[in-house]
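Student: The primary structure of each chain is shown beneath.
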Amino acid sequence: MDARGRRTGVGYYLRVLRVVGGIEFKAKYAGAALGYLWSLAKPLAYFGVLWLVFAHLLRTSNQTDNFTIFLLMGILLYWFFVDSVSAMLPSVVERGSILRRLAFPPILVPLSASIGICVTFFANTSAIAVFIAADRVTPHPVWLVLPLLLIELYVFSVGVGLLLAALFVRFRDVGQVWDLASQLLFFASAVFYPIGIVPEWAQKVAFLNPFLQIMQDARHVVLGSSGPNDLSVTDVYGAWGRLFSIAIVALVFVAGISLFRRESRFFAERV
Amino acid sequence: MPAAIEVTGVSKSFRIPHEQRTYFKEYFLHPFRRTSYERNDALDDVSFTIERGEFFGIFGPNGSGKSTLLRILAGIYVPDAGRVRITGRLSPFIELGVGFNFELNARDNIRVNCALAGLTTNEVAARFDEILAFAELERFVDQKLKNYSSGMLMRLAYSIAIQIPFDILLLDEVLAVGDQSFQEKCFATFEEFKQDGKTVILVTHDLPLLSRFADRVLLLEHGVVSGVGPFDELVDAYRESALVG
Chain A
1 MDARGRRTGV
11 GYYLRVLRVV
21 GGIEFKAKYA
31 GAALGYLWSL
41 AKPLAYFGVL
51 WLVFAHLLRT
61 SNQTDNFTIF
71 LLMGILLYWF
81 FVDSVSAMLP
91 SVVERGSILR
101 RLAFPPILVP
111 LSASIGICVT
121 FFANTSAIAV
131 FIAADRVTPH
141 PVWLVLPLLL
151 IELYVFSVGV
161 GLLLAALFVR
171 FRDVGQVWDL
181 ASQLLFFASA
191 VFYPIGIVPE
201 WAQKVAFLNP
211 FLQIMQDARH
221 VVLGSSGPND
231 LSVTDVYGAW
241 GRLFSIAIVA
251 LVFVAGISLF
261 RRESRFFAER
271 V
Chain B
1 MPAAIEVTGV
11 SKSFRIPHEQ
21 RTYFKEYFLH
31 PFRRTSYERN
41 DALDDVSFTI
51 ERGEFFGIFG
61 PNGSGKSTLL
71 RILAGIYVPD
81 AGRVRITGRL
91 SPFIELGVGF
101 NFELNARDNI
111 RVNCALAGLT
121 TNEVAARFDE
131 ILAFAELERF
141 VDQKLKNYSS
151 GMLMRLAYSI
161 AIQIPFDILL
171 LDEVLAVGDQ
181 SFQEKCFATF
191 EEFKQDGKTV
201 ILVTHDLPLL
211 SRFADRVLLL
221 EHGVVSGVGP
231 FDELVDAYRE
241 SALVG
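Protein chains in written order, with this note's numbering: chain A, 1 to 271; chain B, 1 to 245.
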């Protein structure tokens, strides 16, 4: 029998994450209703401000139908991605003392951090389903693609999160770089405007980020095309564009896991 | 039957930089400046063997490398040189109570810690009552750990640690907290481990404890093994070095 006993294998990782996720979920709702409302407040505040500013502007220029849901989906997906990465990034450094004193796979630290974000995301999404019902968007079988897109987004955020978490142990600048990058991402990745209104070269750059492919595909699945400028990755990169995007996700994920595994041998003494 | 733990020529040193380079700027501004390090040789060419079923004590003055050695045995630190061969399942808890989340109650902490240690949900459920009973904390199961006293925390942590199936238990300074009656209960578990053929490795300054339970002890001084053998043979050497510092 291996010295790690049963602390190895996919089943073990899933068990730990399920227990941690369940307890996070409970902690969030039991006696902390206000705490949960705050996590809903952030996306709603962004939504409110952007809606006031852009709804009129974009509607009068015939840019988007259904701007309400278009914007809500963008904001929810953006914060899901950014919050997961932001939670994973400092997690290893913050839990340094546990890593030095408990023998368990370090990768569980960032993964459990991301589980908490998933819980919030699903709670927010169900709250916001009310808006969707009010806006009379009827569910359609094609919505079954949505879970696949969410899995793709989660895999992407885990890849980025593991990369940054491992780098953060060596370089504390990574935190500031990510703060800036995530801000830029918000403005550059068509969360609150249709991507087609920026020049073609900028579209090509923007779609290098799989986040944009995922967000646009999700919007198209729910809303159909919201207008001539509401492009998807295949409009910019041709028929293979989506595969190209998924390949980037896979690459980032593999890079994240392998860098984290290589570096994690020394986390206990470096953090 | 192979030994439970076989350590051959293990060395470990930590480099403590005089100026920490944790920002990119320092690499850009002074790319060629050699960072000067303080080299701290925590362990130097340590070799020993622990047989299956032994109660093995590791002692020595402060800063002699005991905790580093224990973390290497647990696989938390990677040795610079040498080999560690472990036969059997290691308990994951080196220091007790570090995996606790003080904002959660005992119930949830037990579930998280047991899951981390590799138990399934059913196995946790089967052991749950026994963990609480041994720790004598049934009445406090729904209280957040931030309201626990240090003795209560230690009881809960030890109680969890011994409910995880293991062949080899590594413990660093555990029984410092806890009242007399709980200590006696822990000692009783030591006897049980011995009967079950489980290996216990204990790092401690508690000489009476070592004299009572340890089959053999290892005296570590400045990262070097000063001796391995029965406690009585090594205790004088230890007293001397602890006094001299």
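No lab work stands behind these hints: they were computed from the structure.
Certain hints may be false.
Stated by the list, open to error - Here are the computed lysine-lysine pairs in the DSS-like style, where the Cα-Cα straight-line distance is at most 25 Å: (1) 185(B) to 26(A); (2) 146(B) to 26(A); (3) 42(A) to 26(A).
Please read these numbers as outputs of a predicted model, since none were measured by experiment.
Student: Confirm or reject each hint.
Tutor: Outcome of the hint check:
1. 185(B) to 26(A): violated, 34 Å
2. 146(B) to 26(A): holds, 18 Å
3. 42(A) to 26(A): Status holds; Cα separation ~21 Å.
In summary, the one numbered hint that this structure violates is 1.
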